[in-house]
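J.: Each chain, written out:
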Amino acid sequence: MTPANRARMREVISRAVRTGLFPGGVGPHAAGHAHDHDHGGEPGHLTHAGTNDAGVDTLPTAAIAGTASVAPPTDGLPRRERFRAALDALAGVIHEARSIDEAADVVAAIAARLDCKELLAWSDEAMDLPGMTAALQARGLTTVDAELPQAEPARAPRLAALAQLTLGLTGADAGLADTGSVVVASGPGRSRMASLLVPVHIAVLRVDRLVDSISGLLATRGDLVAAGSNLVAITGPSRTADIEHTLSRGVHGPGEVHVILFDA
Amino acid sequence: MNPVDVPFYRRVEEALGKTRMRQAVRHTSGRAMESRRAAIAELDSSDAVRDQARAIRARTLSALDQHLDTFVTNVEKNGGTVFFAETGDDAVDYIRTLARERGVKTIVKGKSMVSEEIELNPVLEADGMEVVETDLGEFIVQLDNDKPSHIVAPILHKTKEDCARVFKEKLGATDEEVAGVPQMTQLARRVLRKAFLKADMGISGVNFGVAETGSICICTNEGNGRLSTSMPRIHVAMMGMERLVPTAADLGVMLEVLGRSGTGQRLTVYSNILSGPRRPGEPDGPEEFHVVIVDNGRSEVLAGELAEILYCIRCGACLYACPVYQTIGGHAYGSVYSGPVGSVLSPALAGIHAFHELPHASTLCGACKEVCPVRIDIPRMLLRLRAKGVEAGESPQWVSLGIKVLGWIGTRPRLFGLAGRVAARVAGMAATDGWIRELPAHLAGWTATRDFPAPAKESFQERWAKRQGRSSTDRSRS
Chain A
1 MTPANRARMR EVISRAVRTG LFPGGVGPHA AGHAHDHDHG GEPGHLTHAG
51 TNDAGVDTLP TAAIAGTASV APPTDGLPRR ERFRAALDAL AGVIHEARSI
101 DEAADVVAAI AARLDCKELL AWSDEAMDLP GMTAALQARG LTTVDAELPQ
151 AEPARAPRLA ALAQLTLGLT GADAGLADTG SVVVASGPGR SRMASLLVPV
201 HIAVLRVDRL VDSISGLLAT RGDLVAAGSN LVAITGPSRT ADIEHTLSRG
251 VHGPGEVHVI LFDA
Chain V
265 MNPVDVPFYR RVEEALGKTR MRQAVRHTSG RAMESRRAAI AELDSSDAVR
315 DQARAIRART LSALDQHLDT FVTNVEKNGG TVFFAETGDD AVDYIRTLAR
365 ERGVKTIVKG KSMVSEEIEL NPVLEADGME VVETDLGEFI VQLDNDKPSH
415 IVAPILHKTK EDCARVFKEK LGATDEEVAG VPQMTQLARR VLRKAFLKAD
465 MGISGVNFGV AETGSICICT NEGNGRLSTS MPRIHVAMMG MERLVPTAAD
515 LGVMLEVLGR SGTGQRLTVY SNILSGPRRP GEPDGPEEFH VVIVDNGRSE
565 VLAGELAEIL YCIRCGACLY ACPVYQTIGG HAYGSVYSGP VGSVLSPALA
615 GIHAFHELPH ASTLCGACKE VCPVRIDIPR MLLRLRAKGV EAGESPQWVS
665 LGIKVLGWIG TRPRLFGLAG RVAARVAGMA ATDGWIRELP AHLAGWTATR
715 DFPAPAKESF QERWAKRQGR SSTDRSRS
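Going down the list, the sequences are from chains A and V. Taking the numbering used here, I'd label the letters of the first sequence as residues 1 to 264. Taking the numbering used here, I'd label the letters of the second sequence as residues 265 to 742.
Treat the hints as calculated values from the structure; they're not laboratory data. In this text, all values refer to a predicted model and were calculated from it rather than measured experimentally. All C-beta atoms, glycine included, are put in the ideal place defined by N, C-alpha and C. Misleading hints may appear alongside valid ones.
Said to hold, decoys possible - Non-contacting residues of chain A with respect to chain V, defined by C-beta distances greater than 10 Å in every case (computed): (1) Glu147; (2) Pro153; (3) Glu244; (4) Arg249.
What the hints assert, rightly or not - Quick look at which bits of chain V chain A covers, simulated, 3 or more residues with Cβ under 8 Å: (5) 441-453; (6) 559-572; (7) 700-712.
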């Protein structure tokens, strides 16, 4: 952003917030947080430490969210059971594994049904499953190189090849019990395409990474958000209801989602 | 955002004549409301959650200058580029210039209402670029040269037979390929997958920007939002400037209400958070990440008494709930933003002259306020805008003249009494069995679809005078 463009943005919006009416800002749930901003005050109140040189993040960013739970009640069920019920309702498939070998068996069984030998997978380190690649190889499955070259001419043919694959395998940084979601962050060895480009996605989720809800996760693990260039909560298979509110699965993302609950 | 030339009442008449469209809108709105109710009921105390979401919006907007500044700092820290576009044209120019400089040939688009608002596609297409809408509904809209009629469900007005016809006509689809919704979905997947693989640029909207992390969040169900932001070399996100939340924790609260309120889901399938371009060591992702912050009239709204409409998180629930929307569909509003929120937002953004009729497209029943996940008082703002319209001289001449005459007569009690008696006699003559079935000339429209009750034979003043007379004689007797 050019300095002039940024200065203009500050000017236009600072002027606007001075006179705007913002009903509902103060209430039982907004009380007691650090960043109390009085919009009706004198113009000078807008001079603020946050408007210093780019590169320094100084704005007090205490969450407005508060501590009240916004998630549905848990009904006293353990997270594992709630996760299972929620994903089941979305036509996701749940498997269990107590070892790398058991997890590899599950993947091999799915691959056999789909008649595929190659898969797009995260690295062992990224999945936090040491020896997984070797275990898959022992079952006749090879993992392809997920690295997408940045420049042509290498990029297009690699992309075309990756787009032919049927099966993607990823780890999960968290699981959300209320919604049956798996949360995956991008990073080294963590292909976005492994949960996106393929018709069938398998995620291995360590049960100790289950939390209650998206609001709970983001309130406590805000660090995950910008850990990589992409963090996504995946809640069941890709779907649409655009035509007559009629559900149809597998639009652009995977139409089949499997989660292996890993409890070693 | 330009209004259409045809007056609103003509657009409504036209909409009312489209029986199939109206059936589709009613049918689908009803189903959407059902699933929405169930999802909201799950929440322990949905009112408290909505208060919380409302407080987040209110407090974010009251310090939007600071939050935007933090947002810019952090997007840049993540390696992204930000541009503040004061007008729609500024935004269009920025994207067109970028696309030209990078030699872009094919653009895939995720759903973005802002891009509809600033009419981006025609400009890029005029430059010879191929622009492909990838949301299933938007894709069908694009193929059919149509316009979206709902901010979340763009083809609410189309039946599945309509969609089948579009695929057959425009893509040469076979009967088998359009046999049902799943088949049409797979057809769209095959066609659009090719576009994703060859696209050089992806353009998306933004559901929420997160100031503290410099991230944007896009909520989709189909996966096109992920593909168009992950596959092409360049990703451009278009964000209405009000779309911020301060922290990741605040984002969590908003995500809890958005899916439930919009589509009746606990979460949309992909809650996709993007923080800058592909990082060193990452195997994929775009090389360039641009956020275009769009003002286009918003700062003027922010500065005034209608700022509350900017709390809107575009869930679309007020459209489904609105009896007027259910009856006429989205197109009759003549704006990108239809339904109750559109009736406030359109005149607020584009000026009262452009959309002065829309605030009247409401019965003020309050259903919109009732379902709003951030409890926006839409009826209050509709009334305010109606008043603004009159102040701006947008009410028909005969209305303001009539009100003036009424005021003149009404402040002269004897004249008022006389006028009342005359009106009652005349109306009484036109009535049969206590109902007026047909009014003459300009008033005929009123009785075209309903009867008008005949006024009482005696006016209130007459009855009051009699009553006073009686009671004074009562008193004098005692």
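J.: Looking at the structure, which of the earlier hints fail to hold?
T.: 1, 3, 4 and 7
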